[in-house]
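Build out the structure end to end from the sequences listed, making use of the hints.
Sequence order for the protein chains is A and B.
Letter by letter, the first sequence follows residues 0 to 336 in numbering that gives the first Met the number 0.
Letter by letter, the second sequence follows residues 0 to 336 in numbering that gives the first Met the number 0.
If you are wondering where the hints come from, they were derived from the structure by calculation, not from laboratory data.
Be aware that one or more of the hints could be misleading.
One copy or two, either will do: identical chains are not told apart, so a pair holds if it fits within one copy or between any two.
Unchecked claim - Straight-line C-alpha distance at most 25 Å; calculated DMTMM-like pairs for lysine to aspartate or glutamate: (1) Lys252 to Asp25; (2) Lys205 to Asp173; (3) Lys252 to Glu30.
One-letter residues, chain by chain:
Protein chains: 2
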Amino acid sequence: MSLKRLMEEYLPAIEDELHQTIAQVDRPGLEMMHFMLAYHMGWEGEGAGAEARGKRIRPLLVLLSSASAGGDWRAALPAASGVELVHNFSLVHDDIQDQSPLRRGRQTLWTRWGVAQAINAGDALFALAFIALQRMEGTVSPQAALKAAQILQEACLTLTNGQYLDLSYEGRSDLTIEDYWPMVSGKTAALLSACTELGALAAQAKSDVCAAYQRFGHLLGLAFQAQDDLLGIWGDANLTGKSAESDLISGKKSLPVLFGLGQGGAFARRWLEGAIRPEEVPGLAEQLEANGARAYTQESAMELTAQALEALKDTGLQGEAGEALFSLARQLLQRET
Amino acid sequence: MSLKRLMEEYLPAIEDELHQTIAQVDRPGLEMMHFMLAYHMGWEGEGAGAEARGKRIRPLLVLLSSASAGGDWRAALPAASGVELVHNFSLVHDDIQDQSPLRRGRQTLWTRWGVAQAINAGDALFALAFIALQRMEGTVSPQAALKAAQILQEACLTLTNGQYLDLSYEGRSDLTIEDYWPMVSGKTAALLSACTELGALAAQAKSDVCAAYQRFGHLLGLAFQAQDDLLGIWGDANLTGKSAESDLISGKKSLPVLFGLGQGGAFARRWLEGAIRPEEVPGLAEQLEANGARAYTQESAMELTAQALEALKDTGLQGEAGEALFSLARQLLQRET
Chain A
0 MSLKRLMEEY LPAIEDELHQ TIAQVDRPGL EMMHFMLAYH MGWEGEGAGA EARGKRIRPL
60 LVLLSSASAG GDWRAALPAA SGVELVHNFS LVHDDIQDQS PLRRGRQTLW TRWGVAQAIN
120 AGDALFALAF IALQRMEGTV SPQAALKAAQ ILQEACLTLT NGQYLDLSYE GRSDLTIEDY
180 WPMVSGKTAA LLSACTELGA LAAQAKSDVC AAYQRFGHLL GLAFQAQDDL LGIWGDANLT
240 GKSAESDLIS GKKSLPVLFG LGQGGAFARR WLEGAIRPEE VPGLAEQLEA NGARAYTQES
300 AMELTAQALE ALKDTGLQGE AGEALFSLAR QLLQRET
Chain B
0 MSLKRLMEEY LPAIEDELHQ TIAQVDRPGL EMMHFMLAYH MGWEGEGAGA EARGKRIRPL
60 LVLLSSASAG GDWRAALPAA SGVELVHNFS LVHDDIQDQS PLRRGRQTLW TRWGVAQAIN
120 AGDALFALAF IALQRMEGTV SPQAALKAAQ ILQEACLTLT NGQYLDLSYE GRSDLTIEDY
180 WPMVSGKTAA LLSACTELGA LAAQAKSDVC AAYQRFGHLL GLAFQAQDDL LGIWGDANLT
240 GKSAESDLIS GKKSLPVLFG LGQGGAFARR WLEGAIRPEE VPGLAEQLEA NGARAYTQES
300 AMELTAQALE ALKDTGLQGE AGEALFSLAR QLLQRET
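Following this line, the structure appears as structure tokens:
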């Protein structure tokens, strides 16, 4: 119950903070640029609304981390909007890189306004992320505000490292699960660990507590991704609301796929021949399972989930926000959909 | 002489600082990503060397501003590398946006590694710019380090505003010189004004002195661009080493072109019909001159140059670095090549 109640309190404040940041582009002559950003954020244009906005998991993590570390969640709002803007900058560029026509059922920026404007819109969100974060100056000491900027900058660099690896794996035939963790540490875990660490920092938590929150966010990211990859092949398509086979069809270098490639058997040979057709998916999923990929992924997800929840306990989280953070972590990690 | 001497002192330190920053990506598994960045910076790969590196005008402006404001130029090195990395991030993304195959005679990142990796390399340079700047923490007060970050962040946002305008002008038939200044303020002047302001800030100059340096950088940017646009059509091709006609052929929305479009005459009609062929260039350049575009651009350049040099005097610049900064400004503004 506490998660639901706190989300009702936090989510409107997060949207306000995001609006306030993006309003910096709402100037004469820049109306269409502002619209592009507001469209991407799910506020304007066709299909705008809660569905288009996404779940705002990252800013929620920031605020819940901050409150559960004993801080006033409002002091962490600049960090919450900063991480959400970084996440959205990366989505805009990802969509171009992956040539994805749709995101959350709506046209992506590059399909609607072209690659050039979409690259620039992503760059603007990147700049706005740091402008948003800088408001921490008003809520914490100058030293802590500088530390916050450093945390987010390094998360951004690690994000680009992970993205580099992901892109570089395309068409490679020599991948193994060893190649999975550095990619996912960059693509998923870096920003989540920044969320939880920034929350603790905004609460002026001691450095060992900040480190525990950071560790929790990192493990949460790895565990979440392993679970997501498991469901991406063996999830119940009816429950997930998307084709359970999509990870095999999209060519995503997920944990079971890299495990399978590392075996160098029939699955690996087929994977390297090119795009997988929907009718091949059940057979390939069985082949992967027979290779041990499902069991390995399941074990990894379980092990990482246990570690993440352990790390969360180590933070010494408190109060209603502590309960809510625990609920959110469990929802993210123990979902079957 | 002082400019030459100081450049010999500053340029190797700038390269060192840049190397040190980009070395953060020099890690196992990221070798090719590091190479992409080092290639773009002009350090590695075919054609590497002084020519490929560019002139490092922006970091020189930072250091000369700092020293001429009475500071130790070494304290400004983090800012110098920060602005150069922002400049280079924008070049990498510009080259994709403009589909330019070459930069400084070498293949651009996107032609060599594809659009996806080039977008990511630009993003990495963006993140590294702020990581570089953050080292100001070690050279100035926390408050000044935060102010420095804010200056660079806002310059980046203004840069994306200018880029948005530039891209949005493509194919538009209703442009006038009114549309020129906001674009150039963003694309050229924003980063130059950040350079000079950051230099003064690193020297711990008072806020009115910082404001004067900022104003100088802004006017320097506008004056430089007006002069560049003049030479881009009427410069002596033999002296510039590039076709004097290139601005008309590349379709650049330069000051004389927007002036000409604002007249709505024969030039405007021809411009809107599509790409201009080399054999049309002399006639169109004459037409533009007859329309008053050359005189207008020349006057603008002269007026802005005078204002920029006046603003430079207002900074109260001192010593050998002051002389050198004055020389650099004059070289940039009064060049005929």
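Results of checking the hints against the structure:
Taking CA atoms no more than 25 Å apart as the test, lysine 252 paired with aspartate 25 passes between copies only; the shortest distance there is 24 Å, against 39 Å inside one copy. For the homomeric pair lysine 205 and aspartate 173, neither the shortest alpha-carbon distance inside one copy (44 Å) nor that between copies (59 Å) is at most 25 Å. With identical chains, the CA atoms of lysine 252 and glutamate 30 are at most 25 Å apart between copies only, with a shortest distance of 20 Å across copies and 39 Å within one.
Checked against the numbered hints given earlier, the structure breaks only hint 2 and satisfies all the rest.
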